[in-house]
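> Spelled out, the chains give:
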Amino acid sequence: DAGVTQSPTHLIKTRGQQVTLRCSPKSGHDTVSWYQQALGQGPQFIFQYYEEEERQRGNFPDRFSGHQFPNYSSELNVNALLLGDSALYLCASSTWTGVSNQPQHFGDGTRLSIL
Amino acid sequence: ELKVEQNPLFLSMQEGKNYTIYCNYSTTSDRLYWYRQDPGKSLESLFVLLSNGAVKQEGRLMASLDTKARLSTLHITAAVHDLSATYFCAVDGGDDKIIFGKGTRLHILP
Chain B
11 DAGVTQSPTH LIKTRGQQVT LRCSPKSGHD TVSWYQQALG QGPQFIFQYY EEEERQRGNF
71 PDRFSGHQFP NYSSELNVNA LLLGDSALYL CASSTWTGVS NQPQHFGDGT RLSIL
Chain U
41 ELKVEQNPLF LSMQEGKNYT IYCNYSTTSD RLYWYRQDPG KSLESLFVLL SNGAVKQEGR
101 LMASLDTKAR LSTLHITAAV HDLSATYFCA VDGGDDKIIF GKGTRLHILP
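For the record, the sequence lines run as chains B and U.
To convert, count from 1 in the first sequence and add 10; that's our numbering.
To convert, count from 1 in the second sequence and add 40; that's our numbering.
Mixed in with the good hints, there may be bad ones.
To be verified - Coverage of chain B stretches by chain U, computed from C-beta distances (three or more under 8 Å per stretch; other residues unrestricted): (1) 29 to 40; (2) 63 to 69.
Claimed, not checked - Think about it this way: if two alpha-carbon atoms lie no more than 20 Å apart in a straight line, the pair counts; the simulated EDC-like pairs of lysine to aspartate or glutamate are: (3) Lys142(U) / Glu84(U); (4) Lys137(U) / Glu85(B); (5) Lys36(B) / Asp106(U); (6) Lys137(U) / Glu64(B); (7) Lys142(U) / Asp118(B); (8) Lys36(B) / Glu85(B); (9) Lys36(B) / Glu84(U); (10) Lys142(U) / Glu85(B); (11) Lys57(U) / Glu98(U); (12) Lys108(U) / Asp70(U); (13) Lys137(U) / Asp78(U); (14) Lys81(U) / Asp118(B); (15) Lys81(U) / Asp70(U).
Bear in mind the hints are in silico, worked out from the structure with no lab data behind them.
Being a predicted model, the structure only gives us computed values, none of them experimental.
Even for Gly, the Cβ is constructed at its ideal location relative to N, Cα and C.
All chains, full assembly: derive it from the sequences and hints.
So, in structure tokens, the structure goes:
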């Protein structure tokens, strides 16, 4: 049973570029959340998708956008990249009814470096 | 706005010793999670605490939750080197928005 898978594992971009990160949730999960983890910090909640809609959003600018597909997979898009966007981006999946009673399952993340 | 504070942020201890990591949060919540993260790795779920007074134990780790004090603790008993990692607490701030603490980097000396 595959867990949460993210791609790519590493990515190098330059300022001003755009990037798309991908996530496939654990089998049986229908909710996907994205987090940004800067070096030495805790993960920060970006947004959560359920039924192909953004259900919750953290304190991130509109440059951060996402999408969820009918098969529950998700993409995170970041436009006009800044040096401060360099971080580990984590995807977590869960079941909608159990989001609070069960832990989210995290993928291995995408390490994004901005030059 | 929900804030989650952990302390200490860094802890170096010898094998065989006991210690406690504290997690305070600022607004009412009855759902708290503890995660472990090894360097360069993703987060591994350790405990889910859902009600006041909840206590869960797994091996040398024990977690508890006091919703009235807005405090959770992660207690380490007779530490071993394999427990060296960063430990995060995370709190459900409502509507399934999970807020993480900054983490406690635990280094256990042999």
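> The structure should be examined with respect to each hint, and the outcome stated for every one.
A quick look at each hint next to the structure:
A stretch counts as covered by a chain when three or more of its residues have a beta carbon under 8 Å from one of that chain; for the segment 29 to 40 of chain B and chain U the count is 0, and the coverage is violated. Counting residues of the segment 63 to 69 of chain B whose C-beta sits closer than 8 Å to any C-beta of chain U gives 3, which meets the bar of three, so the coverage hint holds. Annotation: proposed proximity of Lys142(U) to Glu84(U) holds, straight-line Cα distance about 16 Å (limit 20 Å). Simply put, Lys137(U) and Glu85(B) have alpha-carbon atoms about 19 Å apart, close enough for the 20 Å limit, and the pair holds.
A hinted pair counts as satisfied when its Cα atoms are at most 20 Å apart, and Lys36(B) with Asp106(U) does not qualify at roughly 31 Å. Distance restraint check for Lys137(U) and Glu64(B): the Cα-Cα separation of roughly 12 Å lies within the 20 Å cut-off, and the hinted pair is therefore satisfied. For the given pair, Lys142(U) sits about 19 Å from Asp118(B) by alpha-carbon distance, which is consistent with the 20 Å threshold. Between the alpha carbons of Lys36(B) and Glu85(B) the distance comes to roughly 15 Å, so the proposed pair stays at or under 20 Å and holds.
A C-alpha spacing of about 14 Å is found between Lys36(B) and Glu84(U), which places the hinted pair at or below 20 Å, so the restraint holds. Our distance criterion of 20 Å between C-alpha atoms is broken by Lys142(U) and Glu85(B), whose separation comes to about 26 Å. Restraint check for Lys57(U) and Glu98(U): satisfied, since their Cα atoms lie roughly 17 Å apart, inside the 20 Å limit. Annotation: proposed proximity of Lys108(U) to Asp70(U) holds, straight-line Cα distance about 9 Å (limit 20 Å).
Our distance criterion of 20 Å between C-alpha atoms is broken by Lys137(U) and Asp78(U), whose separation comes to about 24 Å. Restraint check: the Cα-Cα separation between Lys81(U) and Asp118(B) comes to about 6 Å, which is no more than 20 Å; the hinted pair holds. Distance hint between Lys81(U) and Asp70(U) is unfulfilled; the C-alpha atoms sit about 28 Å from each other, more than 20 Å.
The structure fails to meet hints 1, 5, 10, 13 and 15 from the earlier list, while all remaining hints are met.
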